[in-house]
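> Each chain, letter by letter, is given below.
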Amino acid sequence: MENLELLLRGFTVSLTPMNIGAAFLGAILGLIVGAMPGIGSLAGVALLLPLTYKFDPTTAIIMLGALYYSNMYGGSFSAILLNIPGDSPAVMTALDGYPMAKKKKRPGQALFTANMSSFIGGSVGIIILTFAGPALANLGLKFGPSEMTAILLIAMTSISWLVGENPIKGMLITMVGILLASIGMDTLSGAPRYDFGSMYLLGGIPFTPFVIGTVGFSQVISLINERNKSSENEKVDTKLSIRGSLLTKHDFRRLLPPALRSGFLGTFVGVLPGAGATTGSFMGYAVQKKFKSEEELGTGAIEGIAACEAANNAAAAGAFAPLLALGIPGSGTGAVLLGGLMLWGLNPGPLLFQNNPDFAWGLISSLFLANILTLMIAIMVIPFLTKILSVPTKYMIPIITVVCVVGSYSTNNSMYGVLVMLLSGILGYVMQKNDYPTAPMLLSFVLAKLLESNMRKAFIISGGSLNIFFTRPITLVLMIIFIALIVVPIVRSLLGRRKKEYTV
Amino acid sequence: MGIKKKMVTLLAVILILSTALIGCQSQEVSKTYTPDSTINWTVTSSPGGGSDIFTRMISDIMTTEKIADGTIVVTNKTDGGGEVGRNDVAHLQGNKANNTLLTFNSGDLMPMVKNTKNRSSNFRILAIMAVDKQLIFKGKNTKYNDFKEAIEAAKNGGTVIIGGSKGDDIATYEAMLEEIGVSKDNMKYITYDSTGDAITAALGDHVEFVISKPAAASQYVEAGTLIPVLALATERYTGNLAGAPTLSEIGDYENVEIPVWRGIAAPAAMSDEAVAFWSEALGKVAETQKWKNDYIDKNKLVPDYKDTVKATEYVTQYEKDYMEANGIK
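Chains A and B, in that order, give the protein sequences.
For the first sequence, the positions run 1 to 504 when the numbering used here is used.
For the second sequence, the positions run 505 to 833 when the numbering used here is used.
Honestly, the hints are just simulated from the structure, not real lab data.
Take these hints with a grain of salt, some might be off.
[Claimed, not checked] Over the 12 angstroms line for every Cβ pair with chain A, so calculated as not near, a few chain B residues: (1) Asp540; (2) Asp573; (3) Thr704; (4) Glu739; (5) Thr750.
[As the list claims (entries may be wrong)] Label-pair distances were calculated between CB atoms; the ranges are: (6) B:Arg623 <-> A:Phe291: 42 to 48 angstroms; (7) A:Thr471 <-> B:Pro807: 37 to 43 angstroms; (8) B:Thr542 <-> A:Ala135: 56 to 62 angstroms; (9) A:Lys433 <-> B:Val577: 17 to 23 angstroms; (10) A:Thr157 <-> B:Asn690: 51 to 57 angstroms; (11) B:Thr579 <-> A:Ser182: 42 to 48 angstroms; (12) A:Asp56 <-> B:Ser687: 50 to 56 angstroms.
[Claimed, not checked] Partner residues are not named here, just some residues of chain A that face chain B (Cβ under 7 angstroms, in silico): (13) Leu202; (14) Ile205; (15) Ile221; (16) Asn412; (17) Met415.
Note that the coordinates shown come from a computational prediction; the quantities given were computed from them, not determined experimentally.
The beta-carbon is built from N, C-alpha and C at its ideal position, and this holds for glycine as well.
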């Protein structure tokens, strides 16, 4: 109850015209920044931060908070319409969003699903943050190297659901992802790996250009090929109105359960140190595979879009818990916000809620405000966004190419990103032509780095003993889940085979 | 006609004189340097971290106090552990070289020299602004009461785990181990991406101790979740860190202090005039109240401004010592 009272007090801070304006501006900027591939919330917040020094700290953080938050909405736009994820959490959205927009010719509904699920997931996350933020942040602290290793092992099992029809190809491409992730500086010892004397390779393969290349630019290459085959420009018949983009009751019933489930899961993942919205989105999608979906995931299923979009927005809200309650940034963007707090003269850390309650609760209440504002803006722009799909291929090819080049350049402000994007585009195209799935490679690329660093830390702590995974309570429970996930399907299939033998 | 002729002659004389004057003036301008409207400042570590705050604080003071006109654009280039950004800055040429700055700390120099062929001589060292030092903190639930107990346990074959960041924290940890005579197997070090991550691990009891500079740990000390147990300095800190003894106070050891200097460098091609301008400008920043109160005092640093000549000498010697100690040629 006390929290509710403080939240209401927070609303008195955030609902001043100045702060509403700041949240509105932040929400619009976040949508734009999120929709542009390569320029994620990190760059958006970092660029805007110096402009906010002159603001009152509460107004400044409300604006940046809204930007960070609405960025998660924007990332799905280009993923759904162009198959180019605007930010890394949107990689999974593209898996179902693009087929739904393109093959099923329901782009408006795909965008509506993404916006609605983002709203639901985000709302769940903010409500949990309001009532259990500090407690959750303390729970997050309990997740050390061994617990994180167990969670990541569970996440790794989800690769098996993404490998597609040919398991050997799937496994092979998973290994390629792990191999590519190992390029660069070893995070624990600082030793260079596979850098071949190149300063750029020492920095590893940057994820965003890699994704833009394998998912987006590979598509440009295939579009050029298709265009050569038939000169006809495929025009998508799109309904350019909000009404035409509305979801049916049935659609909404399909969307709600995965969005709520992912809301809870995403918030929890967001609270974990170093996990972030990308892992949240992957986990949300993987969990959805375990539940029933009306259509198969990956073919344009509403459940698929809802699961990952709700999870990444919830994770963004969850990441505020350790940031506000403990002064621990859960992500790169969180780190910039933390730096901002220091420059505004506030002391982020365990005493923030005590020393600056107006600020902390003003920010939380502004997240509610930003969530509603962003939903409204995002729905209103759907008709304009869907127009992108009626652009003829001959214009689409240069447009996507420019988006890919600019996006991959702006990740690190260097041509290295563009080079990585072009090469991974070729890799993606070759894979696509030979029926190799890209999702397992991207998933293993993201998770392998985290898994390696956590597993090695766990082994340093235990002196190389496996005991650490079975003697700590949280790790033990997670390891049991992990082993069950592997053993149960094997036992089931063995039993099934036996049953068959008996009946025959 | 006569008057007209006189007027024309007068105008011609004025024109010639003014052209000559402008010519003299432009010669004068080319001798002294004035910064461009946009200054690019590269930071080779993540936004929000210690180096980033250091840089943004200086750029903020430079702008508000009108020490340098124009806009300062801070860019974080972290590829290759920052090596890509440092390499880019080192090789800039022409006017760009005069208008580019780089945040350069001992924590940047060590991995650069160790992992690449880039050396401090590829830069102009403009100034050193301050010196930072580290402490060791324990979490609330760490089983050792103080660091003396931890050293005893490690000497008796036990295992103590310390977490910390990369670069200078590792160098300080290694120097401390050498002094107390404990092996790396008994007092292990886990490298985290940032000090913040290492503190998170200490708060969750995943490491027993954490090595950190005062700024990052200060809030947790105030909240009672981190306890300072050892000052890696020649004398005790003040304020809420005063409780931490130095190494010589807890046993028959010499004090260990590895100064972590925070400086600013520029491309090797920066002109002497520009170097003089920036070195002086940074000296002015170091004199401001905002720098002293909001940066130095708040983060418990030691103010130690060195101009370009002294800073270059200091950094060159530091690099030489580090390379010798680590067998780098």
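> Report the numbers of all earlier hints that the structure fails to satisfy, in ascending order.
3, 6, 7, 8, 9, 10, 11, 14, 15 and 17
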